[in-house]
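A.B. asks: Here the structure of chain A is known, so what remains is to put chains B and C in place on it, guided by the hints.
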Amino acid sequence: MKRPALWIAATVLLVAAALTAVLATRSPAVTKIADSPLIGRIAPDVSGKALDGATVRLADLRGSFVVLNFFATWCIPCQREHPELVRFSQQHAADGSARVLQVIFDDTAAAARDFGKTNQVDWPVVEDPDGQVALDFGVRGPPESFLIGPDGLVLFKIVGQVDAAGLNRLLNEVAR
Amino acid sequence: MKRWAPWVALLLVVVVALVAGTRDGDGPEPVSHRVDRIAHGVRCPTCRELSAAESDAAAAKAVRLAIRRDVEAGRTDGEIRAALADRYGRDILLTPAASGVVGLVWVLPVVGVVIAIGLLVLAFRRWRPVGRHPTDDDRALVERALTE
Amino acid sequence: MNNAVLGQSAVILGFLAAVSGAAALAYGLQQRRPAVVRAGRTYVWLLLGAALVACLAMERALITHDFSLKYVAENGSRTTPLLYTIASLWGALAGSILLWGLVLSGYLTAVTVRFRRHADDPIVGWALLVGLVVAAFFFGLMLGPANPFRTVSGAVVGDGPGPNPLLQNHPLMAYHPPMLYLGYVGFTVPFAFAIAALATGRLGEGWLVETRRWTLFAWGFLSVGILLGAWWSYEVLGWGGFWAWDPVENASFLPWLTATAYLHSVMVQERRGMLRVWNLSLLISTFSLTILGTFLTRSGVLDSVHSFTESSIGPLLLVFFGVVVAVGVGLIGWRGDELRAPGSVDSPVSREGAFLLNNLLFAAFAFVVLLGTVFPLVVEAVNGDRISVGRPYFDRMTGPIGLALLFMMAVAPALPWRKASGELLRTRLQVPAWVGALTLVGCVVAGVHGLTPLLAFGLGAFAAAAAVRQLVLATRRQGVRGLLGRANGGMVVHLGVVVIAVAFAASTSYSHRSEVRLRPGQSALVRGHRVTFLRVHEEKHGNRTSLVASIRVDGGRVFAPALSRFPFASQSIGTPSVRTGLREDVYLTLLSAPRASDGSIVLGVLVRPLVVWLWIGGGVMAIGTLMAAVPGRRRLPTSPASAPVPDAAPPRVPVAAPAP
Numbered sequence: 001m002k003r004p005a006l007w008i009a010a011t012v013l014l015v016a017a018a019l020t021a022v023l024a025t026r027s028p029a030v031t032k033i034a035d036s037p038l039i040g041r042i043a044p045d046v047s048g049k050a051l052d053g054a055t056v057r058l059a060d061l062r063g064s065f066v067v068l069n070f071f072a073t074w075c076i077p078c079q080r081e082h083p084e085l086v087r088f089s090q091q092h093a094a095d096g097s098a099r100v101l102q103v104i105f106d107d108t109a110a111a112a113r114d115f116g117k118t119n120q121v122d123w124p125v126v127e128d129p130d131g132q133v134a135l136d137f138g139v140r141g142p143p144e145s146f147l148i149g150p151d152g153l154v155l156f157k158i159v160g161q162v163d164a165a166g167l168n169r170l171l172n173e174v175a176r
Numbered sequence: 001m002k003r004w005a006p007w008v009a010l011l012l013v014v015v016v017a018l019v020a021g022t023r024d025g026d027g028p029e030p031v032s033h034r035v036d037r038i039a040h041g042v043r044c045p046t047c048r049e050l051s052a053a054e055s056d057a058a059a060a061k062a063v064r065l066a067i068r069r070d071v072e073a074g075r076t077d078g079e080i081r082a083a084l085a086d087r088y089g090r091d092i093l094l095t096p097a098a099s100g101v102v103g104l105v106w107v108l109p110v111v112g113v114v115i116a117i118g119l120l121v122l123a124f125r126r127w128r129p130v131g132r133h134p135t136d137d138d139r140a141l142v143e144r145a146l147t148e
Numbered sequence: 001m002n003n004a005v006l007g008q009s010a011v012i013l014g015f016l017a018a019v020s021g022a023a024a025l026a027y028g029l030q031q032r033r034p035a036v037v038r039a040g041r042t043y044v045w046l047l048l049g050a051a052l053v054a055c056l057a058m059e060r061a062l063i064t065h066d067f068s069l070k071y072v073a074e075n076g077s078r079t080t081p082l083l084y085t086i087a088s089l090w091g092a093l094a095g096s097i098l099l100w101g102l103v104l105s106g107y108l109t110a111v112t113v114r115f116r117r118h119a120d121d122p123i124v125g126w127a128l129l130v131g132l133v134v135a136a137f138f139f140g141l142m143l144g145p146a147n148p149f150r151t152v153s154g155a156v157v158g159d160g161p162g163p164n165p166l167l168q169n170h171p172l173m174a175y176h177p178p179m180l181y182l183g184y185v186g187f188t189v190p191f192a193f194a195i196a197a198l199a200t201g202r203l204g205e206g207w208l209v210e211t212r213r214w215t216l217f218a219w220g221f222l223s224v225g226i227l228l229g230a231w232w233s234y235e236v237l238g239w240g241g242f243w244a245w246d247p248v249e250n251a252s253f254l255p256w257l258t259a260t261a262y263l264h265s266v267m268v269q270e271r272r273g274m275l276r277v278w279n280l281s282l283l284i285s286t287f288s289l290t291i292l293g294t295f296l297t298r299s300g301v302l303d304s305v306h307s308f309t310e311s312s313i314g315p316l317l318l319v320f321f322g323v324v325v326a327v328g329v330g331l332i333g334w335r336g337d338e339l340r341a342p343g344s345v346d347s348p349v350s351r352e353g354a355f356l357l358n359n360l361l362f363a364a365f366a367f368v369v370l371l372g373t374v375f376p377l378v379v380e381a382v383n384g385d386r387i388s389v390g391r392p393y394f395d396r397m398t399g400p401i402g403l404a405l406l407f408m409m410a411v412a413p414a415l416p417w418r419k420a421s422g423e424l425l426r427t428r429l430q431v432p433a434w435v436g437a438l439t440l441v442g443c444v445v446a447g448v449h450g451l452t453p454l455l456a457f458g459l460g461a462f463a464a465a466a467a468v469r470q471l472v473l474a475t476r477r478q479g480v481r482g483l484l485g486r487a488n489g490g491m492v493v494h495l496g497v498v499v500i501a502v503a504f505a506a507s508t509s510y511s512h513r514s515e516v517r518l519r520p521g522q523s524a525l526v527r528g529h530r531v532t533f534l535r536v537h538e539e540k541h542g543n544r545t546s547l548v549a550s551i552r553v554d555g556g557r558v559f560a561p562a563l564s565r566f567p568f569a570s571q572s573i574g575t576p577s578v579r580t581g582l583r584e585d586v587y588l589t590l591l592s593a594p595r596a597s598d599g600s601i602v603l604g605v606l607v608r609p610l611v612v613w614l615w616i617g618g619g620v621m622a623i624g625t626l627m628a629a630v631p632g633r634r635r636l637p638t639s640p641a642s643a644p645v646p647d648a649a650p651p652r653v654p655v656a657a658p659a660p
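Protein sequences appear in the order of chains A, B and C. Going by the working numbering, 119 is the number at position 119 of the first sequence; the sequence numbering is gapless. Going by the working numbering, 118 is the number at position 118 of the second sequence; the sequence numbering is gapless. Going by the working numbering, 20 is the number at position 20 of the third sequence; the sequence numbering is gapless.
The reader is advised that the hints may include incorrect statements.
[Said to hold, decoys possible] Okay, the calculated beta carbon distance ranges per label pair:
#: 1; chain 1: C; residue 1: Pro342; chain 2: B; residue 2: Arg125; range: 14 to 24 Å
#: 2; chain 1: C; residue 1: Ser523; chain 2: B; residue 2: Ala82; range: 39 to 49 Å
#: 3; chain 1: C; residue 1: Val472; chain 2: B; residue 2: Thr22; range: 32 to 42 Å
#: 4; chain 1: C; residue 1: Arg32; chain 2: A; residue 2: Ala10; range: 28 to 38 Å
#: 5; chain 1: C; residue 1: Ser523; chain 2: A; residue 2: Val174; range: 40 to 50 Å
#: 6; chain 1: C; residue 1: Ser153; chain 2: A; residue 2: Arg113; range: 36 to 46 Å
#: 7; chain 1: B; residue 1: Val121; chain 2: C; residue 2: Ile86; range: 54 to 64 Å
If you're looking for bench data, these hints aren't it; they were derived computationally from the structure. For each residue, glycine too, the CB sits at the ideal point set by N, CA and C.
Same shape as in the complex, but just chain A (with noise of 0.2 Å):
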């Protein structure tokens, strides 16, 4: 092999290319519509105490879509898309196509309470004492949504907030 420097120089200048190149490519997280073993399947089941007590099971809510929230209230995008979530909320409200369920993620019921107090809340919010929801849902963070069809089944995942326009997009494109 002739002059095997110049081969062995070109040949770690392609990888280093190589690896330039794909980093080059990677984008930085943000709100993203995430990948997730879950969709597909059918939502693993939430069945919890709401703050105000009562039981509420995800498949008595079969029949609408619902949009699962888990949220924290010291999390700044959860408080950010909270609005977005009450305008969801009240558009969807009229023929019920659409609904909310919310699940708190590494927080208390009663702080969760107190952020009711303050910011309307026109949906049942769940309680996740020892994080196995989150875990069934595979959560890393909040906050993160999932959209579940009328037939249990999980549609997509959102990373990050959430905004109204998007999750209508979203319906849209399941109705087509």
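C.D. replies: Using the frame of chain A, we list chains B and C on its own:
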């Protein structure tokens, strides 16, 4: 042979000690130990690199609780890990898979070491000075020089 | 004067100085005009002045709480204590680039001063040229995406959120980045000289050896910086560990690995003029890895405790990395044939052979760490799958390499140059080997269990005994003065590394974690330690509100793990409290606020053996580095490397080969 005797003895001592020190303890693994061990191989869902055993985040505690329940229910390590991957995705497990494209991460370093050793062997062979043994021409030259 | 204007002007001045200086040097070198090359030094002084003014302007803005600057508005706060305010200069992205610029200017000035008698030598000219180009890049970053002197548009706030709470918990955060940067940035100098040597073709003159001490200092600072980072992680983050194979930790570790290989390999170049390609490649790799590491840390490509923000700085750093690698590899490829060594390694069992193997081991180590760090990104790009490469991978892959390195540390110093005889080795290694074996037996008898830790302890004792043997021999021959100098300083550094390796193995294999719920006044016994929960109280500091628990450990001192809430941060940040001991640490964390019903808290108790020896080992390494930097007693090339072996046969004179 006598010179190597103390070294053989040393090697024996080392091997015996290592065997004694790595024999598995008696009795089954206690539950908390097993939970800890499995949790060390699972990522804390909210952290970057910490394992579920090391982090005190709520998600990590939830994972440890789930592992404990599964261990007490008699499931195997593999089943427990698969169940967690089923929820969070394969990247919740800190150990990459050993097969497929991902398996390359295990294979490449080994291949690299083999190649490096190979190159080293080749290099040493190249460096060994050629013509160690004097040829007949060399002998004739020396003869001539000595008689001059 | 307005801080923003002052600082911005200084940055512009610095950028112009770097660019003009580089241009002037390039012209002078091209036209072979030594006067121009010599004059290029003024630009370096100008650069230093500009960097100093910019940093002082930023510090003034931070200390006087000038919230008209965006950087101060985002990172400053009236309630932050002074030390952290000063340290917030490097607390976020733009400021840390400013620090980089300052340290780089300082190093370039030092080069100018140190080599002033060679000011018109093209090699020094080239080195300064490369240094100024790098400086131009970083000052250019400050003119663009990482501008620290950007002003706030609109209303000026009255107060800011202060630095990231995790950066305010401990004074160590003040020292960790500057140390790291003194190391990181310091590698620019040997890199510049490597490029200079390649560019001028003067590869055999020993310029690389000339700059060895620079590399040593940079390496020393980087070592301290890495250990400080581990200490911070342990004392502040609350998970009780010090090394998580986090991408940011790996980013600082990678250049350390190649630099360590270089420091050993350059000795072969000094003695025998060999391994030049290795040395040049190692220097270029070290610098490239610092750039790559900065990219991984700053671009938000991976999430981590250090990821401050996402900005366009990522692509620029990546392009710079690509350029550095391309230039370096291209130059080596171009000069490749001239770099072939005149001699060759006679035998694998020799000092040269050992250093060559050393290079390979470190290269393998670096390869594994780099592969594990970037592999998730590569896989995601290729088929969209998200995978994790975590501790189990790194431990399993680097463990054997680490053990092999411990073995090399023991054997290599006893190996003579050129060729070793079995007898020589047997004599020199006998005592250290038995020390290692008996330590191993002692550990097993004491109940220590597990293959990797046992091997680590045995090999560590072997390596330590070998190092001590060298030191004893040196002292016996030359007295205390003989202790100074590279060889023995190196042995002390090895001792430090052994201490760290043993402490690392022990604390990661034998720690014990548990949680206890304690009512006020209640005690619990954890691994032989009695922890008593005394009381809980709230503390209000300027920058935070803390819930502090008082825990008495073993009937002695009272420790105070806490949960703190910062005004602008989201969650409570836990502060651990550690009872440090020579044998083990008792690491306490407050896991929950007192329960309403009975005032009980959940206390995390982690018992970790030998942790303090990590930091002691680091201190030993630092001392050894200082010892190694002092010039040793000048040895004649013919004096033996260590005490002669009594009955070793003298080498036979080979018969001369006849002329062709």
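A.B. asks: When the structure is checked against the list of hints, which entries are broken? Sort them ascending.
C.D. replies: 5
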